[in-house]
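*Asks:* Please take these sequences and the hints and turn them into a complete structure.
Quick note, the sequences are listed as chains A and B, same order.
All letters in the first sequence, in the order written, are residues 1 to 459 by the numbering used here.
All letters in the second sequence, in the order written, are residues 1 to 459 by the numbering used here.
What the hints contain is simulated information worked out from the structure, not anything from laboratory work.
The C-beta atom is built at its ideal place from N, Cα and C for all residues, glycine as well.
Some clues are possibly wrong.
[Said to hold, decoys possible] Facing chain B, a subset of chain A residues (Cβ under 7 Å, in silico): (1) Leu177; (2) Pro215; (3) Ser352.
[To be verified] So these bits of chain A aren't anywhere near chain B, every CB distance computed over 10 Å: (4) Leu16; (5) Leu269; (6) Ala273; (7) Arg301; (8) Val314.
Number of protein chains: 2
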Amino acid sequence: VTRDDEAFLSALAGVLPGDGLLTEIPERYTHDEALGVEPVVPLGVAFPEDEAAVARIVSTCRAYRRPLVPRGGGTGLAGGARPHPSGIVVSFERMARLLEIDSEAGWARVQPGLTLADLDEALAATGLCYPVYPGELSSTVGGNVATNAGGMRAVRWGTTRQNVLGLRLVTGAGDVLLTHGALAKYSSGYDLTQLVIGSEGTLGLVTEVSVRLRPRPLATTLLVGAFRSLRALPTAVARLLASGLEPGLCEYVDKTALAAMADAAGLVLGVPADVTEQTSAYLMVELDASDDDLCGRLAERAATLLAAHGALEVFALPASQAHALIAARERAFWTVKALGAHDILDMVVPRSHIADLLEAAQALQSATGAVVAGTGHVGDGNVHFSILATTPSLSEEIAQRLIAEALALGGAVSGEHGIGVAKRDALLAHEDPLRVELQRAIKHAFDPDGLCNPGKGAP
Amino acid sequence: VTRDDEAFLSALAGVLPGDGLLTEIPERYTHDEALGVEPVVPLGVAFPEDEAAVARIVSTCRAYRRPLVPRGGGTGLAGGARPHPSGIVVSFERMARLLEIDSEAGWARVQPGLTLADLDEALAATGLCYPVYPGELSSTVGGNVATNAGGMRAVRWGTTRQNVLGLRLVTGAGDVLLTHGALAKYSSGYDLTQLVIGSEGTLGLVTEVSVRLRPRPLATTLLVGAFRSLRALPTAVARLLASGLEPGLCEYVDKTALAAMADAAGLVLGVPADVTEQTSAYLMVELDASDDDLCGRLAERAATLLAAHGALEVFALPASQAHALIAARERAFWTVKALGAHDILDMVVPRSHIADLLEAAQALQSATGAVVAGTGHVGDGNVHFSILATTPSLSEEIAQRLIAEALALGGAVSGEHGIGVAKRDALLAHEDPLRVELQRAIKHAFDPDGLCNPGKGAP
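*Replies:* Given below as structure tokens:
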């Protein structure tokens, strides 16, 4: 800690209440959940309690030209919350209040540090839900905004982008911006809400978010379809999504991933051996409706449709198994992490190319001997590959080849995890310089000194 | 036409094929459909046939520092396509091809000049549709992108913003930008697609759009609920949207507007006199499903729900009447224009405040003697008021007061028509200078010389 560092920390302590700044850094603030990203110890961790405190923190960082890294639940998978050694982490755990639920109007106004678990619990009694379930309920709304978090249910209700109605932000210049109110439609200028969503904290610090609420499904049925070939999946998915049955989730799980998930959850799905032997991929499809009668009818139609389009068998799971399987799918990251995965990829391609990408992964698996297990939000063209290789460098090589493949198919490096630091080199190696230049100009308008989460994301 | 003008037009003619530039300007290119916006004659109208021609046009305009105004179907309601007297209109009527339908993947790639009517016709056989129906099928996809067009069905599927997967743009600097491919999810940098949507041609000229396709409803039922009081509407709408029945449209029509629409369409709805006498507002609700059986069940539940939340009566219309009423609603603009409306407003408020806004309109109507008739996308908090006053200045005063009221309720000047020139003064009178400054910086990054649709929209 230099004399400059001390002056900075002392100025920062001066604008925060007594316990608002930590300079002995607990380990958990030195990283997020990204695999393969080395921890970094910041100079301090600040805990603002309101927007005014956030603005004071930004001003102080500007005065001392110190980087600031926002942090929500620390559950990010791309290193977006990795600290900067000469700056501070701004943790939103003391800005975690649910400010207002307007169930009549279908929205809630929340502070960015609110976890999805707390939001979901508060909404349970209203019959509504915030429909973005990225698979990690300890993540925060602010963190979800940063990465445009998606998850299994995005196929029905969209990602964070489609479910945020407006937000407040302290820009990197220290200005307080209300992008716009809680509006379902907007055509009164560039949509700054949309610009902030997915910007990974590089434009400023989000201080308030208005989220859209949707009906909490009253009745659900989970189907699992077993498919012999990857090639059959896209057609079945296309027909399902075109049917008007509107599945609440439509999830691809390969046989390796399903076995690992079932094993980790102690779940016996009871798929007959003659079916499992012939199966290379499973499709999880959830139907929902306002009552059991309607839901049953939807599930019946969906099962018939999957059987007509290549499913060897379609199973309707009993509620307890359905719940356990979905929970296991949500824990898939922890399962593969425990198995020693080196990397988790998050590419997105136009849905027409999903089979090409899955086959490329299979080919790499065969060629290298590494495990490249896939689960994916197949209805959105978004696939997660877990790579377990003999060495980190083989894992890296496989990741590079899969990313190049996805880009060649018209895809992008990340669909929902973000770029952070983990995927930045891969992104910049392929990115159109014009896109980089435009993004840098936009960043400069919000954050002229480049202090907000430097070295993260695209710009 | 000055010597400079001549040099510019001659340079422009040099980069376009023989009939690619008109300098005798047909009347229709001098305006769009905005009420109260005076026509302007441009120096020329250019008709590019491909992206390369668009890029040549932009380069030529840059070399001569001449403004360019993009034009789709010319159906805009805010004067966004009003020409500039010293510049040109770029009409996309020769870039109107449907480039690709991938019904398997659920998207289509189109040129910006394609009309919604042509797109819808091409999609009819696929069982899919582009779900944005702004009420004017002669509008183009490019024009819809410019204003983030919405319409009646946005309550189910969202506005243009939620249904464009990627696009191409020639920026004001003359660079060709692919924002990203046809991706349902994206977390690989700032979402430039979203930035362009709703930017009213002020960042550049859109040359290609990938749109999302949704199931074309196979069975539909239209309900009309009669409500005694405006105050009952928001609760009924909230319960309907929270029910999981997912109406395909949820439209408020006041009794004045319904009478005018029915009259213009020669439609007899057969609502008993004792009901009409007690009614001040109607709610149109469409249910849809994959077959008649399911649809009937949904409609039954929706009717019960509306009756339980304040509807005096709920009528299920026969298919032919349903079709005619929806068509009449889509023609509402032409109906009120024919009646001599001075202005059409397009404010959006958080849905919780819709009754406040409707009551403010009623109060102004009573106080001024003007007609302030409302129809609205009530499920999205978006209301259109048609103002028929004794003088244009009274109309203007009523418009200003309603806009101020909407902004005080946390709303915005436009939900789907855009700002154009018609609502620019109203917007700038109230707009946060920080939002203006940020938007100007963004515009400058895309359009450094300020040639793209100057004087339109927010920045």
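*Asks:* If any of the earlier hints don't hold here, list their numbers in rising order.
*Replies:* 7
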